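Once you have looked at the hints, place chains B and C on chain A.
From first to last, the protein sequence lines stand for chains A, B and C. With the working numbering, letter number 406 in the first sequence gets 406, and the count goes up by one each step, no holes. With the working numbering, letter number 52 in the second sequence gets 52, and the count goes up by one each step, no holes. With the working numbering, letter number 66 in the third sequence gets 66, and the count goes up by one each step, no holes.
Hints in this document: simulated from the structure, not taken from any laboratory. Nothing here was measured: the structure is a model prediction, and the numbers come from that model. Every residue gets a Cβ at the ideal spot worked out from N, C-alpha and C, and that includes glycine. Hints may contain errors.
Derived Cβ-Cβ restraints for the label pairs, each shown as a range [as the list claims (entries may be wrong)]:
1. G377(A) with L119(C): 55 to 63 angstroms
2. T127(C) with H263(A): 54 to 62 angstroms
3. A79(A) with G194(C): 48 to 56 angstroms
4. P40(B) with S199(C): 53 to 61 angstroms
5. T27(B) with V51(C): 16 to 24 angstroms
6. E30(B) with G193(C): 31 to 39 angstroms
7. H427(A) with V168(C): 53 to 61 angstroms
8. T127(C) with S395(A): 28 to 36 angstroms
Just a few of them, taken from the derived set where beta-carbon distance is under 7 angstroms, the chain B residues facing chain A [unchecked claim]:
9. N8
10. D29
11. Y33
Which chain B residues stay away from chain A? Per the calculated CB distances, all over 12 angstroms, these [what the hints assert, rightly or not]:
12. P23
13. P43
14. L50
So the chains spell out like this:
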Amino acid sequence: MSSSSAVTEAPDPRGGALPGTLPRLLAGIPPEGAMSLEEHLAVHGPLPELGGGRRRDRDEGARLVEEIERAGLLGHGGAAFPTARKMRAVAAARGRAIVVANGAEGEPASRKDRTLMASLPHLVLDGASLAATAVGASEAIVCVCGSAPASLQALNGALEERELRPDPRRSTSIRLAEVPGDYVAGEESALLKHLAGGAATPTFRPPMPYEQGLRRRPTLIQNVETLAHIALIARHGAAWFRRLGTASEPGSALVTLSGPVAHPGVYEIEHGASLSSLIEAGGGATAGFRGALLGGYGGSWIAAERLHGVALSNEHLAAHGASLGAGVVLLLSDEACPVAETARVARWLALQSAGQCGPCVHGLDSLAATLAQIATGSAPAKAGARIERLAALVSRRGACGHPDGAVSLLLSALESFSVEFADHARHGACERCASPSELPLPRRSQAKAEPSTRGPFA
Amino acid sequence: MSERLRVNPIACEAHGMCAELLPERITLDEWGYPLIDGRPLEPRLVQNALRAAQACPTFALLVERDGDNRRR
Amino acid sequence: MSSLLAASGPSLYWYLTRSTGAVALLLLTFAIALGVLDVGRWSTPRWPRFVVDSLHRNVSLLAMVFLVLHIVTSVLDSFAPISLIDAFVPFTGSYRPFWLGLGAASFDLLLAVTITSLLRRRMGYGTWRAVHWLTYASWPIAVLHGFGTGSDVKSGWLLALSIGCLAVVVAAILARVLQGWPANLGRRGAAIGGAAAFSLFLALWLPGGPLGAEWARRSGTPSSLLAPAHTSTASSGSR
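Excised from the complex, chain A in its bound form (with noise of 0.2 angstroms):
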């Protein structure tokens, strides 16, 4: 196995993708601005030749599915779901098939998405187009958050140049839309609705996009990174993809790394790489920190007491309840007060639920507000067997995963910082909850409406 190393977002000074070693998706980013087409070509080599002809096509396109299913390819959106299975439901599916890209990234903590796609644009057009190809599909959408605006610029362009130098291997058609920044806007269905029109919320499945997405066609979603990579396989193959990370997690995986670390950033690692190894690479702490959050906001924590030999791989996060999810890892200082963070945190998932559904709503408004009383030390008798209640009630009942993400983010908060709320429940604030917030979220958050209901009246 090769070692496991980060590698920071300088550029590399001998350029050149090296088989076998990091940076993959990294490599020859530029300080700033986007990685010409030229550029692109110098580093990575040109497009696999897919063959002329729809017949053709179709061979390259399974050939293309059964490489990323050898390469063991996960998603990287946050669900981890393999790839070449998701490929194959939607070109076994009836109707023509469309490829989204999705570059919404509306988990606060991550960065990786925004960075790929303002500074190596092609990687994710080339994966877009390849993945339409395999699925049979002859247009893809590329979704980038409206509040990315180098993300939009360098997509635009990078879409220009390739049309000044039209290439047969590229003959998807490719166009950009712009999409809400929400934190549930991102989740696919709510994606899909939005380009059809509506609202950027959550439907309710059956049925399931890859038969039937958007205008009804199967539709194949990927995040971005996913794609990034698919442009590499094709061109290096299976074996090489494989050459780095685990059996079961193969490949190498952008993470966004924020909180007292000298270089905070976007990174890319090997699965498996130690977590001491990423700080490193990120230039070692700056203070002691309480805790790792892992995933996002829908992801949970990790005590700092635990953290020793944690891997950055979800089948060892597991052991610790928590997975690599959008590739957030969020050291928490320890002049930070964890169980104010935490309330904030919990307000804030409150008023991104989409209002949709009755159990989300009300279950993590009313999370929410306990641990908001027992940051302040008003909490009420038995705080916590009434959050395990609640928690048990949200889990489950909500159209999509918001409300079960917010409860491992909760759940977990309670478990690694229980001394912390113990004292709080007892005692109230401490003196670092008047800190500044380490946590960073956005902004504008106005809460959506209360359940919904139908008619004037409402």
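Just chains B and C now, with coordinates in the frame of chain A:
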């Protein structure tokens, strides 16, 4: 081949008729929303389950056959 | 009523059409009240939700049955020249065309509501609900139809019944508007305003209208059916 209850949480508006008509499998939480026992329905309950699904004003209660998504 | 006595006396159908019309109004009123209770999620241990809901649906269907009887008997009755078409196409009849036409309009709205409700599962919930709001429009139109065409208006019972039903519907609208107050304040205010305006309109119009002199003639009864010249209405006060 068994049938199960499922609720569409987006359509559900907490009218509560389902819990009245099938108390064996449905209770209401503190906000009035249904808590469904998702185990396969015993044959003697299927008729009442269908009636409960018919009674739901927003079509939120679903009786689904295992293995396919056809609703009755 | 005496002003409408023609050579042959009133037939059975004439009595039936008036009574079924009154019962239909009563049932529609009851249906609206139950509908408000239903959407308001009202229930007691003796009156569970599913009972209120079923009652609402069944009373509404029963109202439609009586409406159909009302229409059929009015067509069958040989006294007034009402044809079946007049029941569906408003304002084309020869007997009190405007006031009868209001009945047809109300019936058309209720037909739309009934058909969409029977076919609920085949259309989206939003569509069904949007059409259902038409019930609030059909009711006052039916009341005006009753006052305009009804030959019993001057006798106490129909007037009392209608006023009683009006009170129930106004109360139902108030209750409905209060559910979820103060959201959508504009629409709620408009609903209260509409109910108040309609009530006021009736109070101002009835005395000089259906309760006033020569209403049969003024409302468009074909002259062949009117008693010659001399009206026998008691209240023949000046306009």
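Evaluated hints:
1. G377(A) with L119(C): 55 to 63 angstroms: Once the Cβ atoms are compared, 58 angstroms apart, the range 55 to 63 angstroms for L119(C) and G377(A) holds.
2. T127(C) with H263(A): 54 to 62 angstroms: holds (56 angstroms)
3. A79(A) with G194(C): 48 to 56 angstroms: About 51 angstroms separates the Cβ atoms of A79(A) and G194(C), which means 48 to 56 angstroms holds.
4. P40(B) with S199(C): 53 to 61 angstroms: At roughly 56 angstroms between Cβ atoms, S199(C) and P40(B) fall inside 53 to 61 angstroms, so the hint holds.
5. T27(B) with V51(C): 16 to 24 angstroms: Check passed, 19 angstroms falls within 16 to 24 angstroms.
6. E30(B) with G193(C): 31 to 39 angstroms: holds (37 angstroms)
7. H427(A) with V168(C): 53 to 61 angstroms: holds (59 angstroms)
8. T127(C) with S395(A): 28 to 36 angstroms: holds (33 angstroms)
9. N8: At 5 angstroms from the nearest chain A Cβ, N8(B) passes the 7 angstroms test, so the hint holds.
10. D29: With a closest approach of 5 angstroms, the D29(B) hint holds.
11. Y33: holds (4 angstroms)
12. P23: At roughly 19 angstroms from the nearest Cβ of chain A, P23(B) sits farther out than 12 angstroms, so the non-interface label holds.
13. P43: holds (25 angstroms)
14. L50: holds (19 angstroms)
Hint compliance for this structure: every hint is met.
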